[in-house]
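Asker: Knowing the structure of chain A, use the given hints to seat chain B with the ligand on it.
Going down the list, the sequences are from chains A and B. Mapping to the working numbering: the first sequence position 147 is 147, numbers consecutive. Mapping to the working numbering: the second sequence position 13 is 192, numbers consecutive.
In case anyone wonders, no lab produced these hints; they're calculated from the structure. Here the structure is a predicted model, which means the values were calculated and not measured. There could be a bad hint or two in this list.
Unchecked claim - Computed footprint of chain B on chain A; a stretch qualifies when at least three of its residues, placed anywhere within it, have a C-beta under 8 angstroms from a C-beta of chain B: (1) 17–25; (2) 48–61.
Unchecked claim - Chain B residues, not near chain A, derived (Cβ > 10 angstroms throughout): (3) Cys182; (4) Ser207; (5) Gln330; (6) Pro335; (7) Glu389; (8) Ala395; (9) Asp427.
Cβ atoms here follow ideal geometry from the backbone N, Cα and C, with glycine treated the same way.
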Amino acid sequence: MAATVIGAEAAGGRLEEFEAMVLPFLDDAYTLARHLTRHEFDAQDVVQEASLRAWRHFDGFRGGNPRVWLLTIVRHTAYTWLSRASHRATEALDDVGDDVIAAAAQADDALAVSEQRAVVSRALAQLPRESREIVVLRDIEDLSYQEIARVLGVPIGTVMSRLARARQRLRTILSGSER
Amino acid sequence: MRCDDVLPLLDGYIDGELSMPESESVASHLAVCSSCSTEYAARLESVSVTRGALQRDVAPDMLRSRVRASLREAAAPRAAPVVVESSRRRSLVANRWFPISIAALFCLVVGGGWLAAHRQSSEGAIVEEALESHVRSLIGEHLVDVPSSDQHTVKPWFAGKIDFSPQVPKLDSLGFVLVGGRLDYLHGRPVAAIVYQRRRHVINLYSWPETDAGPATPEQIDRNGYHLLHWGRDNTEYWAVSDVAPADLRAFEVAFEQAR
Ligand SMILES: [Zn+2]
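Just chain B, same shape as in the assembly:
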């Protein structure tokens, strides 16, 4: 073999991709040709540096959830997800309220516990809606209306769009990076969704004014790999939704309450 024949085969030789006879010819040429073996050594070194330095990425958990969610959406028997989504959501709520209203009536007749039952059922509806909203925000391209890591940009953005001013503390130093804000609808009213990121996970924090906001001690709800944390403070209702570890979501609530 001549040098001109060997040079185009060197990478294949390095990768062990040559046929046996080819590989043997290259090897015997390298043993006698110093210029080709210098070239070979240089290529080999560079390839091993590259292979050692570059590693496969790990797909973010958020991506995994998005892919799974969108696959389920796509595998559902109906098409046209946007149109279907709103009508489906309405019918879901309607279906859920029907038996509940009978139960509520029963409680009222029996006396006592009506408020509690009502509160519980409306809380159930919020859980569903908050989860749907969270998942939708991850699937679509609509995570934020106002993308910014600056609370002085995010907070004023809500003025005029919503009847209260949401708390938007900066929590970067605590590992919760502000990504932006979004106007959303929960519980039949516009609410503020403030979006934070913890490593690769997104946290949606929903808030709106509520005279009967609660509970003071955060309540954790786990659904389908997601976690919700719910609390009330100063006549404001807070719902945080994410797939971060529950401990991280708790840490988020503590950081938020301390900073706001």
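The following block holds chain A by itself, in its conformation from the complex:
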């Protein structure tokens, strides 16, 4: 049934192996994509595209940490996606966004556990992308400096200085919003 609904026969065990290894990190992928795109539905498109890219490059994946590998691909996909999407950001598509965002906002409000969570989320969303992604990778995804270095493709020293700067920015915004 699956095959008739969705397509021809799947490529058997290899796909299953990929799904078992990579799909457990879909939450991580979605989290990073959502913070990079700052949009729930854009994030879904990015994660879908990234999953397909990952699948296409699965043969080249030689061990290592699948979560770090997937996040690296998600990040690349998000950047490509954002550069592609920027020119049409203000066009008709916004109508789609507004409706869906309104619906999503309702759900988010219902889920917002605390005022503090909303405040911090908003502050994070204001950070430049370079700062935002490193805070997400460290303080939400809980990656080590080494892992972050691999996702970002920079030396560990850069991770440390970028993270310190990003947290400093976040602190500045948060101390401003307290008043």
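Answerer: Below, chain B with the ligand without anything else, positioned relative to chain A:
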């Protein structure tokens, strides 16, 4: 260590990412330097607030289904999914009809039950087509032609595109948010697809006029993690497809029938 050497290491210290000797030097400096230890306390507090407040998102179920579906599509031996899709679909239908038409002929010869058999088989075809359409609407960027949460925008949009006026009740208060409408094709004819959302799940409601619409009591069909609910009312055929829990789909049908 001097303050200027310590400050760049504070975040690494907080994260436990320093080497043992570095970490010890920072600790002994903090014990004697009040300005650095004030800075350290401020950073530590801010980091713990951030980490406490921000949580990992949970990927919506709809995304999971989309990813799985598109992976299967991609893993299929053939490329060029769009072209292949329509031809594959046609051949599927053709293949399915061949044995069925023999069965139907047999029923006719034996006498009786032909209508029932015909109805059953055409229903099977609709199940397949509705599921394909639902999954396709989630995979592509084509969930809706007319994106709107306002039924007074969605309903008139179909005028002139389709030979009937679909029911588009607003069900937000019942937890089914109107997302928009789409023109689709099922059962060899254009149909209205009204799209609702239940939390993170999408519900496609297909409808079209049918003199022999049925059944009055909704019939539930489960396939591959998706659920279909099928019913007929006032010479209109309704098919709701979603991956929401069956109970939610039932609730949707009740809400829809009460509101329309
Ligand atoms: Zn000092």
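Asker: A separate judgement is required for each hint: does it hold in the structure or not?
Answerer: Structure-based check of all given hints:
With a threshold of 8 angstroms between beta carbons, the proposed coverage of the segment 17–25 of chain A by chain B holds, since 3 of its residues qualify and at least three are required. With 5 residues bearing a CB less than 8 angstroms from a CB of chain B, the segment 48–61 of chain A meets the requirement of three and the coverage assertion stands. In this structure cysteine 182 of chain B is separated from chain A by more than 10 angstroms, as the shortest Cβ-Cβ distance comes to about 15 angstroms. Distance to chain A confirms serine 207 of chain B as a non-interface residue, since its nearest Cβ pair spans about 20 angstroms, more than 10 angstroms.
Its beta-carbon lying about 12 angstroms from the closest one in chain A, glutamine 330 of chain B satisfies the requirement of being farther than 10 angstroms from that chain. Its beta-carbon lying about 16 angstroms from the closest one in chain A, proline 335 of chain B satisfies the requirement of being farther than 10 angstroms from that chain. Against the 10 angstroms criterion, glutamate 389 of chain B stays outside the reach of chain A, whose nearest CB is about 23 angstroms from its own CB. At roughly 27 angstroms from the closest C-beta of chain A, the C-beta of alanine 395 of chain B stays outside 10 angstroms, upholding its exclusion from the interface.
Every beta carbon of chain A lies more than 10 angstroms from that of aspartate 427 of chain B, the smallest distance being close to 15 angstroms; the non-interface claim holds.
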